[in-house]
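Engineer: Spelled out, the chains give:
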Amino acid sequence: MSFIKNNIYPIFLIATGIFIAALFLAFQGSEAILPWLKYFLFPGVLFVLLMGLFYNWFDRKMFARMQNRIGPRFIQPVYDMLKLLAKEDITPDGVDKPEFDWIPGIQVILAFLVAFFVPVYATFGLISFEGDLIFVMFLLALVGGSVFLMGWATNNPYGLLGASRAAVAEFSFEIPLGLSLAGPAILAGSMRISEISVSKFSLLNLPVNFFAGQVTIIHLVYLIPLIILFAVSILAATALLEKVPFDPAHAEVEIVGGWTVELTGKKLFFTQLANFIMEFALAGIIAAVFLGGPGINDFNVNIGNWDVLGYLASILSFLIKTTVIVFLITLMRTLHSRIRIDQLVQYFWKYYLPISLIGVFLILVFMGTIGVV
Amino acid sequence: MTEYAPPIPETPEGDYSISIGPQHPTHKEPIRFIFQVKGETIEHVDLRIGFNHRGIEKAFEQRTWNQNLYLAARLCGICSAAHQFAYAQAAERCAKIYDEIPERAQYIRVIIQELERIQSHMLWYGVLAHDTGFDTMFHLTWRDREIVNDILEIISGNRVNYAMWTIGGVRRDISRDQITNIIPKLKDLRKKCDYHRDVMMSERSFIARQENVAILSTEDAKRFCAVGPTARASNVNCDVRKIDPYCAYNKIDFDVPLWDQGDIFGGLSLRLDETLISIDMAIQALENLPGNPGDIKIRVPRKIDPNEGIQRVEAPRGEDIHFVRSNGSEKPDRHKIRAPTFANLPSLVHRLKGCQVADIPPVIRVIDPCIGCCERTTFVDIKTGKSIDLSGEHLISRTNRAHRLGTRVLEF
Amino acid sequence: MMLNVPKSLDEVAKALNLTRRDPKIYPRDYYVNSSSDRMLEIAAKLKNEFGVHHVSTVIVRDDEDGFHLIYPFSVILDNSEWGKLIVDFLVDKKNPEVESLTPEFPGLVIAEREAYDMMGIRFKNHPDLRRLLTPDIMPSDIYPLRKDITAEEIRRRLAEEAEKRRLDLE
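Protein chains in written order, with my numbering: chain A, 1 to 373; chain B, 1 to 412; chain C, 1 to 170.
Hints were generated in silico from the structure; no laboratory data involved.
Be careful, since some hints might not be right.
Stated by the list, open to error - With a cut-off of at most 25 Å between alpha-carbon atoms, the simulated SDA-like pairs for lysine to any residue come out as follows:
hint: 1; chain 1: C; residue 1: K14; chain 2: B; residue 2: K297
hint: 2; chain 1: B; residue 1: K38; chain 2: A; residue 2: W349
hint: 3; chain 1: B; residue 1: K38; chain 2: A; residue 2: L13
hint: 4; chain 1: A; residue 1: K61; chain 2: A; residue 2: L13
hint: 5; chain 1: B; residue 1: K303; chain 2: C; residue 2: R21
hint: 6; chain 1: A; residue 1: K83; chain 2: B; residue 2: Q23
hint: 7; chain 1: C; residue 1: K147; chain 2: B; residue 2: D305
hint: 8; chain 1: B; residue 1: K331; chain 2: C; residue 2: S80
hint: 9; chain 1: B; residue 1: K297; chain 2: B; residue 2: N307
hint: 10; chain 1: B; residue 1: K331; chain 2: C; residue 2: L90
hint: 11; chain 1: B; residue 1: K251; chain 2: C; residue 2: R21
hint: 12; chain 1: B; residue 1: K242; chain 2: C; residue 2: S80
hint: 13; chain 1: B; residue 1: K28; chain 2: C; residue 2: P135
hint: 14; chain 1: B; residue 1: K96; chain 2: C; residue 2: P27
hint: 15; chain 1: C; residue 1: K47; chain 2: C; residue 2: L90
The model shown is predicted, which means the values in this text are computed figures rather than measured ones.
Make the full structure from the sequences, and use the hints.
Structural biologist: Have a look at this one:
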């Protein structure tokens with residue numbers, strides 16, 4: 001009895017998972033209920049939520065283990081979120097009320113929207129259309145805007161500083177991020193995330209296809225710009241997620257959380273949740289663009305519409321790739337110290353932007369000389 | 001002369017003012033800085049201390065010489081030994097028995113001082129890493145700092161307030177067994193500190209936060225009477241162990257590292273070097289511990305004839321100076337403490353100007369502020385032991401008033 | 001300007017026309033007495049002729065004959081050791097007003113503020129003579145480390161003052 005009592009949340013979560021899986025399997029043939037299940041359960045809201053919490057735990061656990069600490073329990077993010085929900089929600093006097101009240105919610109919606117574009121199983125995301133990469137970039141820019149507005153609405157010196165830093169950081173990492181995602185898109189000849197992910201010329205598919213005899217050895221030269229762009233995309237994602245070393249907008253030891261300084265209770269819950277989900281979504285998109293997303297080479301994932309094994313294998317492939325990217329972001333924050341905002345601007349404009357430009361340029365040059373088969 | 005931190009001007013100089021402290025994640029101890037900021041650059045700094053004011057100097061006058069020994073240890077958590085040491089030596093000078101302290105006691109004093117310096121410096125550079133967001137190094141250094149805390153526990157029985165000193169010697173001897181137990185631990189610690197030094201001196205994002213930040217020139221360091229590692233990072237050789245040797249320091253062989261840039265990185269590299277040197281000194285003193293076991297203190301009269309004694313010691317944070325005046329009774333007539341943090345505050349205010357907001361935590365950290373030592377003197381009712389503070393209602397009304405006045409300092 | 005590097009503290013004291021007070025026990029401690037009207041002269045001479053840059057603190061002692069204002073000047077000797085020239089200036093108890101040494105030694109800025117706060121020594125030409133450590137509500141006639149006031153008295157006065165402020169605010 002005490003075992004159940006002590007582990008009530010994990011048991012509840014596992015039971016929910018089994019229930020969802022059962023629902024999913026039971027209704028797999030039913031055309032009427034399938035879209036609802038898709039949007040609210042499996043690749044949709046609940047899955048994204050759980051993945052956001054899972055990657056938050058993974059990030060914290062890895063961070064702790066690399067620092068010789070024990071780290072949080074698996075269920076800790078859930079407790080944290082529940083605790084925040086139970087806390088008193090304070091609205092200070094001087095804040096700009098509409099923005100202050102609404103932006104946390106808007107951030108969560110934005111984060112969910114981005115996450116819906118991530119191809120989780122098979123090849124398509126929940127939402128997918130031609131040119132969706134551009135739409136995702138637009139959503140990411142909106143996230144930066146919401147952060148700036150939030151800091152501005154707090155009307156607090158720390159919040160204002162955080163907001164201005166966040167805006168400056170946004171101008172710095174946005175272009176390298178866009179360029180780094182554009183390279184593979186050019187190579188794949190499409191602006192659709194799912195089509196980029198099945199391209200023969202993504203970072204992971206290229207060597208695999210080479211060994212499978214699909215591409216010739218000369219095409220391996222694409223690996224050089226792709227590795228460069230992959231690295232830049234990880235750096236830009238770290239900056240977007242406001243993680244050390246690129247988190248001057250959030251620096252808790254000097255400006256006490258920057259733009260989040262006045263947030264409490266539910267609002268802080270929404271902001272944090274948005275951040276967790278955004279981490280998952282960004283990792284998923286980078287995984288799709290560079291590492292082939294849920295696709296498994298030499299394994300046809302489209303073995304019939306409801307081949308359970310094929311789906312499971314593709315989900316597993318997606319999870320592994322996403323985890324690797326989250327781990328790289330964790331590694332960044334383990335190995336470095338926070339840099340100042342002027343240094344952040346300097347790094348992105350002086351080094352990462354030219355590097356990503358060179359990457360895109362190399363891709364164009366190679367495409368002109370050796371072409372894509 | 002604008003360099004003194006004059007009161008806040010009626011019209012603010014910067015765009016807005018940021019108040020850091022008395023409660024802020026940067027420093028866990030209460031001190032308040034009010035920065036007038038233009039963009040990210042600090043235009044003007046004002047300082048408010050006194051939140052941790054306990055009336056110790058007044059309390060010293062109402063306790064006997066021996067009781068004061070334990071009060072002196074409670075000035076500060078980290079450098080308790082330095083304060084107790086300075087007080088004991090000042091009292092010995094006052095009683096004119098300073099030259100009669102047994103040599104073994106003098107060596108044990110050196111050992112405790114150096115072990116305290118090691119733990120304080122390790123704490124410091126861990127916290128500096130935390131201030132610049134390098135949490136990994138913070139956790140690693142604090143893990144390894146446990147070794148030196150264990151050693152102090154082996155020697156004194158305590159991890160923090162060692163209470164090793166008494167007027168006329170030390171209270172506990174170090175046995176042969178303890179020495180054979182401690183020396184391997186110190187050698188192990190040395191290896192770990194070497195590793196910390198390698199990491200911290202080579203991590204580029206960490207160095208980028210520190211190089212050429214908040215430079216204190218040699219001239220300014222002298223002008224503002226900076227002490228300790230802060231001044232030595234600006235190439236002022238002010239190590240009391242060398243320039244005004246006390247106890248056994250003139251019998252021990254050691255170097256004083258200096259740095260000529262005066263930036264935060266100087267303070268860091270200096271302390272990393274000093275940690276290694278202190279480990280070597282502790283090993284050296286342990287191996288050459290002279291005298292007979294048990295010969296560690298001399299008897300001191302309970303009353304001390306009217307006289308004055310002044311003693312400075314090199315605490316981990318710099319020169320710590322104690323002054324005592326006896327009047328022939330069992331209690332001192334006047335006791336004055338000047339902690340190293342207090343001496344470094346003018347230079348800190350000077351070098352904060354022109355820094356960026358992001359530099360505030362490491363710049364404040366570089367003097368290793370210890371507000372507990374710095375503000376010794378508030379008002380403790382000796383009979384009840386209650387500290388005199390403002391009533392709850394008053395605090396609330398004061399908060400409301402502060403709210404109305406914005407971030408300005410309250411001048412009633 | 002050539003700085004004079006003294007061989008011993010005797011030499012410094014002789015140049016300043018001061019006589020040693022204590023018996024010669026400790027080689028680097030040198031206690032001298034002086035009066036408060038010589039403060040500026042002694043400080044300027046020490047700084048300009050002997051290159052003294054470090055004054056550790058300002059110690060104030062309340063005695064029957066007046067306030068003793070003690071400045072431990074660190075004199076750098078020719079063997080690169082720092083001797084302490086501890087100059088004891090006697091200040092009149094009725095009117096404790098002296099020249100500030102902060103213009104000569106900027107590092108004393110908060111040490112002299114503390115002396116003002118704790119003992120009520122008023123420093124002329126001090127750039128920023130505010131109270132330093134005591135609470136904002138400390139009555140202006142209380143200087144807590146003076147011998148004529150007890151801890152109980154300070155406590156009572158502070159409580160009264162706090163109550164008064166609270167009533168004022170309401």
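Engineer: Which hints, by number, does the structure contradict?
Structural biologist: Per hint list: 1, 3, 8, 11 violated.
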